[in-house]
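> Protein chains in written order, with full-length UniProt numbering: chain P, 1 to 268; chain X, 1 to 268; chain D, 1 to 268; chain V, 1 to 268; chain H, 1 to 268; chain Z, 1 to 268.
Just so you know, the hints here were simulated from the structure itself, not pulled from any lab data. Check the hints yourself; a few may be wrong.
Copies of the same chain are indistinguishable here, so a pair counts whether it falls within one copy or spans any two.
To be verified - 20 Å max Cα-Cα, derived PhoX-like pairs, lysine-lysine:
1) Lys88 / Lys135
2) Lys234 / Lys12
3) Lys212 / Lys163
4) Lys195 / Lys234
5) Lys88 / Lys192
6) Lys234 / Lys192
7) Lys163 / Lys88
8) Lys192 / Lys163
There are 6 protein chains.
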Amino acid sequence: MQDIDRDQYLVKSEPYYRPVHQEVDLYRAAYEARMPVMLKGPTGCGKTRFVEYMAWTLGKPLITVACNEDMTASDLVGRFLLDINGTKWQDGPLTVAARIGAICYLDEVVEARQDTTVVIHPLTDHRRNLPLEKKGEIVEAHPDFQIVISYNPGYQSLMKDLKQSTKQRFGALDFDYPTAEIETEIVAHEGKVDKPIAEKLVQIAHRSRNLKGHGLDEGMSTRLLVYAAQLIGKGIDPQSAARMALVGPLTDDPDMRDTLDAAVNTYF
Amino acid sequence: MQDIDRDQYLVKSEPYYRPVHQEVDLYRAAYEARMPVMLKGPTGCGKTRFVEYMAWTLGKPLITVACNEDMTASDLVGRFLLDINGTKWQDGPLTVAARIGAICYLDEVVEARQDTTVVIHPLTDHRRNLPLEKKGEIVEAHPDFQIVISYNPGYQSLMKDLKQSTKQRFGALDFDYPTAEIETEIVAHEGKVDKPIAEKLVQIAHRSRNLKGHGLDEGMSTRLLVYAAQLIGKGIDPQSAARMALVGPLTDDPDMRDTLDAAVNTYF
Amino acid sequence: MQDIDRDQYLVKSEPYYRPVHQEVDLYRAAYEARMPVMLKGPTGCGKTRFVEYMAWTLGKPLITVACNEDMTASDLVGRFLLDINGTKWQDGPLTVAARIGAICYLDEVVEARQDTTVVIHPLTDHRRNLPLEKKGEIVEAHPDFQIVISYNPGYQSLMKDLKQSTKQRFGALDFDYPTAEIETEIVAHEGKVDKPIAEKLVQIAHRSRNLKGHGLDEGMSTRLLVYAAQLIGKGIDPQSAARMALVGPLTDDPDMRDTLDAAVNTYF
Amino acid sequence: MQDIDRDQYLVKSEPYYRPVHQEVDLYRAAYEARMPVMLKGPTGCGKTRFVEYMAWTLGKPLITVACNEDMTASDLVGRFLLDINGTKWQDGPLTVAARIGAICYLDEVVEARQDTTVVIHPLTDHRRNLPLEKKGEIVEAHPDFQIVISYNPGYQSLMKDLKQSTKQRFGALDFDYPTAEIETEIVAHEGKVDKPIAEKLVQIAHRSRNLKGHGLDEGMSTRLLVYAAQLIGKGIDPQSAARMALVGPLTDDPDMRDTLDAAVNTYF
Amino acid sequence: MQDIDRDQYLVKSEPYYRPVHQEVDLYRAAYEARMPVMLKGPTGCGKTRFVEYMAWTLGKPLITVACNEDMTASDLVGRFLLDINGTKWQDGPLTVAARIGAICYLDEVVEARQDTTVVIHPLTDHRRNLPLEKKGEIVEAHPDFQIVISYNPGYQSLMKDLKQSTKQRFGALDFDYPTAEIETEIVAHEGKVDKPIAEKLVQIAHRSRNLKGHGLDEGMSTRLLVYAAQLIGKGIDPQSAARMALVGPLTDDPDMRDTLDAAVNTYF
Amino acid sequence: MQDIDRDQYLVKSEPYYRPVHQEVDLYRAAYEARMPVMLKGPTGCGKTRFVEYMAWTLGKPLITVACNEDMTASDLVGRFLLDINGTKWQDGPLTVAARIGAICYLDEVVEARQDTTVVIHPLTDHRRNLPLEKKGEIVEAHPDFQIVISYNPGYQSLMKDLKQSTKQRFGALDFDYPTAEIETEIVAHEGKVDKPIAEKLVQIAHRSRNLKGHGLDEGMSTRLLVYAAQLIGKGIDPQSAARMALVGPLTDDPDMRDTLDAAVNTYF
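If we strip away everything but chain P, and leave its shape as in the complex, we get (with noise of 0.2 Å):
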């Protein structure tokens, strides 16, 4: 166990993260009272990058595993695996975060199966433990470590929704896209092209963000706009480039895919 490469888990260089309220103080407090933070918000709207932000920050090590609900309890604590001299235990990324002191982000939580979550459980209260049920060890928090799970409200749905004794022990902060000129921003200085491009491609996102429940699943993303800077960067017409990174990615719904183009020509 001695040999985990702590360095690795350290996020190299300084995440590009522009700040809209209050999330990096609030963010701060939690993590000085070690209290579990549970981020949520829309896809795309840079959740995975605010804790890759913190985590900088913070100087500490971050674990981050993508749930599905495929993911067996086994998958985050650890399994036995078969070794020229037997078994030999193998930490999962929940165990090797708990032992180094990591900040562990279990990303879209809510599609992971009930003995995910159950198994956080010890290590979000009082108790901060992972009881490796199948080695016999009980695993005690390094003082650094942090739970971080994100979950998108928008795909709660009756069959899949985190329990009540799960969600009440996270304290809770919500993300949205950011506001017109701070994405403005960001397009242009990730996508590389000029700020009236860059202003462009956001309005065509607010307008999609306004279809949002009336047609479309999710309005673009702040990504999807970068895309398609970078599209237009490399050449591309912006009105193709539009198709391709804002639209097609959407929906596939003829009468709305008109609308978006419609909003797309508005623009260019």
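Guided by the hints, dock chains X, D, V, H and Z onto chain P, whose structure is given.
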């Protein structure tokens, strides 16, 4: 088997627990008769803390298992692992508890599949033994061994409930949130804020608990109140702290959020 | 295989069992014909105790298996385990019972999957053998071997019932709660309280049993009455003892709880 | 493979079988053509006994497999097992039967999953071989090999039925309960009671069989009549014996029990 | 891999096949283009026999796989087996066929899970290769390799059908029962009866085929007619033979049985 | 890991691909930005061929994975295999692609389970890495690595669709059947027939494509037209060739078959 470290399962220091009714005496009498005990009550009202307190009071080791629907009987009882000399039996947490005379606490047992609940049957009647069928051994429980389970009746559905043949093996203790006075004391003590702040947080919680069944699945737990207090103690303004620790984790419904925000604004 | 410890399966001391009807004679005749026997009756009325008593009376070893829906045929019959010399066959409890001539008691067999119930078929007709298909061996049952199953007709649903081709391999013995007089005797003896207390507890139980199907899935079992008596014996006041041992385990419905509490208050 | 003990599969002594119609001649002709045969009929009417009788008559080994919905194709065909020298192939019962020229009897084949039934296809047409796909070997069936399956049409539901492409590979023999005269003879012979007792038991059975589809899933099988006779032979009074062996196993419905008890009381 | 015995997959002697339409020429042209071929038609009409005949005619090895819903991609492609020297790759039947240049016949492919059908995609277009993803090898198909699948459109339901992206990789040949004249010839030849008997059996079959969709799932197959003829050849009277081989396998519905029995009695 | 044969994944010769719109330029710009790309379009319209063409044009290795609903995350990422020296990690195709800088093409990704789609997330944003959680290694993607997925919007149902959080990680290129002129060119070139024949086949295809959603799930693909041309080239008369290659694979509905046959007869 002789190398189980019994001491690692002892509760190291007195857990902070504030008795509410007769629960300490009733539990003690049940333990003297080695009667299996079932703790019922809502999320975050202190069931886990109570078992830790009783284990500390009685000076017995405590082994806690967070049950979940993907847990198998082998996760409780044990399994054969492959070793350099072939397969070796590895006791599960229930078996360890039966051998060393621990209190075995199965948290949220109703989440477990039937093989879990059925496996404990012979340990909960006059037999007090655990057949390790795969190993061909019958473990006679240590005289100190006792089994405790918890569950949250609010979750009980037609689909998921304990069978009567399991329920009728336990004495039952009902838990609920503490009285306002006691809860204020707990929040002030655990959250390290002064009494007036704690009082206000408790009053907000009471408002939310009245909304249970009227738009909320559960009211705010004592744990969340402590979180809010901790954030306030780190210098966060009370409204932001309450929004992060009390409102955000509970619900994503906009109307319900407005109602809870209004309750927060009434007191802060 | 020669190293199975037959003696560990013998019932060590005479179990306390109070015969109710003809059940002892009927079972003895069935055992003489080695007829498979099915015990039917509600939770906690003494089916398990009866089998132990008969095994003790007949001086035969008893192997009990708590059936559940996650149990596989291999859990009953046996499997290959990996050893230092390759794979080694490990008999399951049914195979052990067939070899050493034990009474094999499959508790709540209706919970098991079909492969369990089908596996016992050749042991329950004129063949009296158990093909270990994975091993290529046919185990001829020891002359003393007999199979006994239990199930609770109250649980029977359209989804879960024994197939007729299984049912028609068994003689059936019906069990029910003992008469008031006998049950009082049992509660006084097992719970170590005097007769008037035991009588009152039995009367409370009768009230609850009349509510079966009218808001309760089952009435209070004899086992719960013994629990209540034990708590009273430890100095708990009768009302609290009854609430913990009789009312709490049975139901969480507030109206039904009031009704049962009223019954308790009538007698104590 | 040369070490399969063919003799252990021979039926040791002539099974007691009382022919009813043409079934012995028809089976013999089918066997001569090595035509696969399907035995249809209700529970406990003698299908298994008939196959044993025919195997004994023809002097061929018999391998019986009780099918169930959790049985895999490997359970029939074989699998690789880990040995001290690596993996070793272990023939399943169907493969053994194909190699040694046994009659392979798949009891209640409709319970099996599709991979079972599909696996037998090449053994049931002009190919008469069994590809061991995992081993890369094609087993040519021994000239004596024949396949026989049984199923109970009463169980047939929309969910569980043999596919037409399976059914149309078999000749079919219908079985039913024997005539009153023959059944009396069987009960007297097997149950070791005199003819008048046997006659009464058969008449009770006839009453129950008329209730099939009118509250009963199946009528009383010949096997249950033999059980009742055996209990009477052990000194149990006829009414108690009938209740234990005939009524109890059949139904838990109180009205139906009354009806059947009345039938018993009419004769005893 | 060099030790695959290609010859064991050659069809040893000319299968009896009576061409009906253009199917032999069409198949030969498709094989010359190495076009994947799909054989459609009802149960027992000769699809399997046709592939064997074509493989014999073309002098190519034939590997047949009976598909089923429990078959995994590994069952087709291969897997690692544990050997004395660690794991060793074992080719599955599809891989063997691709390596040695066999015709690979996937019988009733619609029964297979999606991973089976998807696995064959790269073998059915211009790529003509099979990526063994677990082994990191891409098998280029032998120039002689061709893939053939069969399915019975009568079974097609909304739940189980080939995806268009699979279907559109195959040329399709439709099969049906042969004309009365040809079928009579087949029954007489295979069943070893004279022509008048065969003619009557074919006429009974025609009656049953008209009932398809009017109480019968399928009409009598040519195979069943051959069975009936064989029984008659063994001395069984025609009515009993027809009942065992034609009526019994088809249906358990009493009315439908009467109808079919009447058809039998019309001719015999 | 150093022994991965990168060259085996290079496309050996220029694939025949006939550009239709801007797709080559758009893909090239997306590749320069290493933007993940999603190809949408009906069955058999050339998506796979296009990726091969682009990989050849860009001189990058191509690793194709046919996704299916039984594929696990380990099938993509890799797993531990048992070796003579214990377990050895085996990279999956996605990991190989990330290491050697290949274009990884996930064909019909919508068929995969969520763990597949979630596993690619960190490779599709600014992180461009792949955590091998079971191995405790984070693979940084090679600078040349790009991910491409395909899916057929026609299959999209409520049950099976990509999550928005996956969709919004890709630029999208729409594919459709080529124009009549281009398709004629392709069919003549690939099917080796002269232009008038190819033209007629394309016209038949157009008729079928107009029936999509009016009785047909999909129209005839270009691939099927090539098949028909090849059969004609082998001397099969055009009507039979069209029936085998165009009509048969598409539908079993008798009315729809008549309609399509009529279309065939119009042109041949």
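> Next step is simple, just say for each hint if it's right about the structure.
Hints, verified against the model:
no., hint, result
1, Lys88 / Lys135, "both (10 Å within a copy, 13 Å between copies)"
2, Lys234 / Lys12, "neither (28 Å within a copy, 29 Å between copies)"
3, Lys212 / Lys163, "between (26 Å within a copy, 15 Å between copies)"
4, Lys195 / Lys234, "within (16 Å within a copy, 39 Å between copies)"
5, Lys88 / Lys192, "neither (49 Å within a copy, 44 Å between copies)"
6, Lys234 / Lys192, "within (10 Å within a copy, 39 Å between copies)"
7, Lys163 / Lys88, "neither (34 Å within a copy, 37 Å between copies)"
8, Lys192 / Lys163, "neither (43 Å within a copy, 28 Å between copies)"
Hints 2, 5, 7, 8 from the earlier list are contradicted by this structure; the remaining hints agree with it.
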